[in-house]
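A.B. asks: As a plain string of letters, each chain reads:
Number of protein chains: 2
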Amino acid sequence: MLKEQFEGYKYIEGGVCAAQGFTANGLNCGINPIKEKNDLGIIYSETACNTAAVYTRNKVKGAPIIVTQKHLEKSEGITRAVIVNSKNANTCNPNGEQIAEQTSELVAEELGIKPEEVIVASTGVIGMPIFIEPFKNHMSELVSGLSKEGHTEAVNAIMTTDTVRKEVAVEFKIQGKICHIGGMAKGSGMIHPDMATTLNFITTDAAVSTEMLQKALSDIVKITYNCLSIDGDTSTNDMVSVMANGLAKNNLIEAEGSSYDIFKRALYIVMLHMTKMLAADGEGASKFLECKCMEAPNMESAIAVAKSVIHSPLVKCAMFGGDANCGRILCAIGYAQADIDVTKVCVSLASDAGEILVYKDGAALQFSEEEAAKILAQNEIYININLNQGNVSARAWGCDLTYDYVKINGDYRS
Amino acid sequence: MLKEQFEGYKYIEGGVCAAQGFTANGLNCGINPIKEKNDLGIIYSETACNTAAVYTRNKVKGAPIIVTQKHLEKSEGITRAVIVNSKNANTCNPNGEQIAEQTSELVAEELGIKPEEVIVASTGVIGMPIFIEPFKNHMSELVSGLSKEGHTEAVNAIMTTDTVRKEVAVEFKIQGKICHIGGMAKGSGMIHPDMATTLNFITTDAAVSTEMLQKALSDIVKITYNCLSIDGDTSTNDMVSVMANGLAKNNLIEAEGSSYDIFKRALYIVMLHMTKMLAADGEGASKFLECKCMEAPNMESAIAVAKSVIHSPLVKCAMFGGDANCGRILCAIGYAQADIDVTKVCVSLASDAGEILVYKDGAALQFSEEEAAKILAQNEIYININLNQGNVSARAWGCDLTYDYVKINGDYRS
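Protein sequences appear in the order of chains A and B. If you read the first sequence in the working numbering, its first letter stands for residue 394, the second for the next number, and so on. If you read the second sequence in the working numbering, its first letter stands for residue 394, the second for the next number, and so on.
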């Protein structure tokens, strides 16, 4: 159920290399002492890309975020490559921006492009000193190993506490031209995006102007990544970038219309699927949770209610324990910043094992605990809320709160 | 360090019975199947009390909250008794208000007072059917057992997942008259107060008008209970009430001035100490956390920063693990809704074992991990943040996030 089907769009292999002209690679450069674990990744486009990006709204920003913003300004939204490391966030370091700039220069030199055409990103521990040597010593090897198969090595390089690789790609047509879009993402803690999420890189060969790319990205991030909450902590290094190199040869999408809609839907499919993968692999997660808020008076209220329920630690613990505790769900609906009448609310719990109504018209129902237990024993749980006061729907995603979340984050400097 | 000393105020025994004219009692009436555990408590004043209260802002409100609001309106702020049960929140029940009203009538009849002079409160599972019989069958026994020693039985009746009794009392003087104020509170999960907290009952023999009582309560709740976060869930049944019967015979406090200031400080001491007790006994807590935000440009920013850090699941896990992870603290400062310049921030970690500076002027410091580990091995941890951009301070309180929190809340219908 994680991978939703959409007519006219086909899931394909290849991640960030699925689109024409993109290659990638990854390796261990020594930031991570475990030699078998990649810690440096690269994505490269053989031609210039229109580029859009959204960033964390945390006031403490990773140095790579600041440097990338400067690059996109200087290059007027044109990029050719992404360089990303894990294990060190390069955040709260006095020389952070300098290191991020030097890294971009190393990439640019090796690829024969401009430093401002490089998107630079980091993830890992905040406030840990970072040095240029690991980048310098391995840039040549990293670039010379670029290939169409390299997406696997690249995504491996951004996995931190992730237990599964997060990549997806989709094929679709614009004006008869076959287009591709693909992406890779990292999880899996400090996730409560605010206008962006976690590290997330998307590539496409569709031809789209920077302006329309940004518009599509900004719209979709609101109903995908921003509706995801693992633990309520908004990272300092969140970033989503979309690079479009135009090699699919469709007429450049410069305005709204049917071509824009087709592309936007493809971007939605990629971002929706990555969002759901991030939720399912949340730190310590044993269960994927989706909360759908239906018949809301407006989108803001629908999102606020769905996110509030997904974000509640008590709901998350109840789902971990398989307890159909509708009181905790109602409580979280009640404290959502939403314009709603709680006396009209209905709630049901669903999974592959069935669906059960637990709350109707402002009052808890008596239901079969046995049936509820069966439903909640599955590993994909759907909390369906009907507000009965409008016609707008929204979804939010997350996971249960488990012993393993505490273990992962109680351990030394994860 | 939990119990702070204030000149002119003396901690005494007696809880909600410390003030003259107040008695209390508690027993098991059968809502809780464990016969040894009290589930019904009462507080009674032999004379009429001016009364102030604040309530949860959750839109889903327990029926007792609604009924109490109606009572205080009808009685114009005069009350004589509190009746409170645990194990069933009487929330999201179709007949909830009726049960709360009937309970008040039973109390009133037994005590010879008016039903609207009764504050009624409940805590426990939301959406569980509730019946009048347990109240009816035990009201006579409950009332006939009222005594000055009954505060212990009463506080036992509101303990749910609490591991320690939360009561405090203070003696002080107004115009040469000896006054007393005391309170009892319940924890220990679903705590992220919004204009109120958890169940909390305060009694005093000082003579204070309803208006000034409400003013003092509303001011102090902002800097005590509302700066407390155990898990980020705002309960449906939160309530704080203060009853003042005037038996201390000071001149009625009807306006601001030195007498009001003395009383307000006493109320602050009681509420501060209960807040800290609630934090220290948060569900599953192994460590008490206090975050102090100093030199902030304004009170809103100081509170927002302190609360954001206390509320961060990643900071809470790091404190559980004894990891001096200053990056997570900075991250939580960064996403606080506060008007601050992050480049000026300094952070230190302190406990009985010492204090260590971990972050200065926007950059992480290299510090002795050994020393930091010693400091964080204590069970009272102080996170001190200096914003260096003003002269306002605020504190927030909470606890670490542990395996036991997940265990308590993953278990069936706690």
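Hints are computed from structural coordinates only; laboratory data are not their basis. A few of these clues could be false.
Because identical chains share one entry, a pair is satisfied inside a single copy or across any pair of copies.
[Unchecked claim] Restricting the straight-line Cα-Cα distance to at most 25 Å, the calculated cross-link-like pairs of lysine-lysine (DSS-like) are:
hint: 1; residue 1: K428; residue 2: K753
hint: 2; residue 1: K467; residue 2: K452
hint: 3; residue 1: K463; residue 2: K800
hint: 4; residue 1: K737; residue 2: K467
hint: 5; residue 1: K430; residue 2: K642
hint: 6; residue 1: K737; residue 2: K463
hint: 7; residue 1: K452; residue 2: K541
hint: 8; residue 1: K507; residue 2: K570
hint: 9; residue 1: K428; residue 2: K608
hint: 10; residue 1: K541; residue 2: K507
hint: 11; residue 1: K642; residue 2: K529
hint: 12; residue 1: K452; residue 2: K529
hint: 13; residue 1: K452; residue 2: K570
hint: 14; residue 1: K507; residue 2: K737
hint: 15; residue 1: K467; residue 2: K685
hint: 16; residue 1: K800; residue 2: K541
hint: 17; residue 1: K541; residue 2: K396
hint: 18; residue 1: K685; residue 2: K737
hint: 19; residue 1: K685; residue 2: K767
hint: 20; residue 1: K753; residue 2: K685
hint: 21; residue 1: K767; residue 2: K753
hint: 22; residue 1: K430; residue 2: K403
hint: 23; residue 1: K403; residue 2: K566
hint: 24; residue 1: K753; residue 2: K452
hint: 25; residue 1: K396; residue 2: K753
hint: 26; residue 1: K452; residue 2: K767
hint: 27; residue 1: K800; residue 2: K767
A.B. asks: Now, for every hint given, state plainly whether the structure supports it.
C.D. replies: Going through the hints against the structure:
1. Proximity of K428 and K753 under a CA criterion of 25 Å is satisfied in neither setting, with 55 Å inside one chain copy and 33 Å between copies.
2. Proximity of K467 to K452 under the C-alpha cut-off of 25 Å is restricted to the intra-copy arrangement: shortest distance 22 Å within a copy versus 49 Å between copies.
3. Taking the shortest alpha-carbon separations for K463 and K800, neither the intra-copy value of 38 Å nor the inter-copy value of 47 Å comes in at or below 25 Å.
4. For the homomeric pair K737 and K467, neither the shortest alpha-carbon distance inside one copy (53 Å) nor that between copies (28 Å) is at most 25 Å.
5. In the homo-oligomer, the alpha carbons of K430 and K642 never lie at most 25 Å apart, since the shortest distance is 38 Å inside one protomer and 75 Å across protomers.
6. In the homo-oligomer, the alpha carbons of K737 and K463 lie at most 25 Å apart only across protomers (23 Å), although the nearest pairing inside one protomer, at 49 Å, exceeds that limit.
7. Taking CA atoms no more than 25 Å apart as the test, K452 paired with K541 passes in neither setting, with 37 Å inside one copy and 53 Å between copies.
8. Proximity of K507 to K570 under the C-alpha cut-off of 25 Å is found in neither arrangement, the shortest distances being 30 Å within a copy and 80 Å between copies.
9. In this homomeric assembly, K428 and K608 never come within 25 Å of each other (Cα to Cα): the closest approach is 40 Å inside a single copy and 63 Å across copies.
10. In the homo-oligomer, the alpha carbons of K541 and K507 lie at most 25 Å apart inside one protomer (22 Å), although the nearest pairing across protomers, at 81 Å, exceeds that limit.
11. For the homomeric pair K642 and K529, neither the shortest alpha-carbon distance inside one copy (36 Å) nor that between copies (80 Å) is at most 25 Å.
12. Proximity of K452 to K529 under the C-alpha cut-off of 25 Å is found in neither arrangement, the shortest distances being 30 Å within a copy and 57 Å between copies.
13. In this homomeric assembly, K452 and K570 never come within 25 Å of each other (Cα to Cα): the closest approach is 42 Å inside a single copy and 52 Å across copies.
14. For a Cα distance limit of 25 Å, the shortest separation of K507 from K737 qualifies neither inside one copy, at 58 Å, nor across copies, at 34 Å.
15. For the identical chains of this complex, K467 and K685 are neighbours neither inside a copy (41 Å) nor across copies (41 Å), given an alpha-carbon limit of 25 Å.
16. Taking the shortest alpha-carbon separations for K800 and K541, neither the intra-copy value of 37 Å nor the inter-copy value of 46 Å comes in at or below 25 Å.
17. In this homomeric assembly, K541 and K396 come within 25 Å of each other (Cα to Cα) only inside a single copy, at 24 Å, whereas the closest approach across copies is 65 Å.
18. With identical chains, the CA atoms of K685 and K737 are at most 25 Å apart within one copy only, with a shortest distance of 16 Å there and 42 Å across copies.
19. In this assembly of identical chains, the alpha carbons of K685 and K767 lie at most 25 Å apart only when taken from the same copy (20 Å versus 46 Å across copies).
20. Taking the shortest alpha-carbon separations for K753 and K685, only the intra-copy value of 16 Å comes in at or below 25 Å, while the best inter-copy value is 44 Å.
21. Proximity of K767 to K753 under the C-alpha cut-off of 25 Å is restricted to the intra-copy arrangement: shortest distance 21 Å within a copy versus 53 Å between copies.
22. Taking CA atoms no more than 25 Å apart as the test, K430 paired with K403 passes in neither setting, with 31 Å inside one copy and 60 Å between copies.
23. Taking the shortest Cα distances, K403 and K566 sit within 25 Å of each other inside one copy (10 Å), while across copies they are farther apart (78 Å).
24. In this assembly of identical chains, K753 and K452 lie within 25 Å of each other by CA distance solely across copies; the values are 16 Å between and 42 Å within a copy.
25. Within a single copy, K396 and K753 get their C-alpha atoms no closer than 30 Å, and across copies no closer than 46 Å, so neither meets the 25 Å cut-off.
26. For the homomeric pair K452 and K767, neither the shortest alpha-carbon distance inside one copy (44 Å) nor that between copies (31 Å) is at most 25 Å.
27. For the homomeric pair K800 and K767, the shortest alpha-carbon distance between copies (20 Å) is at most 25 Å, but the shortest distance inside one copy (27 Å) is not.
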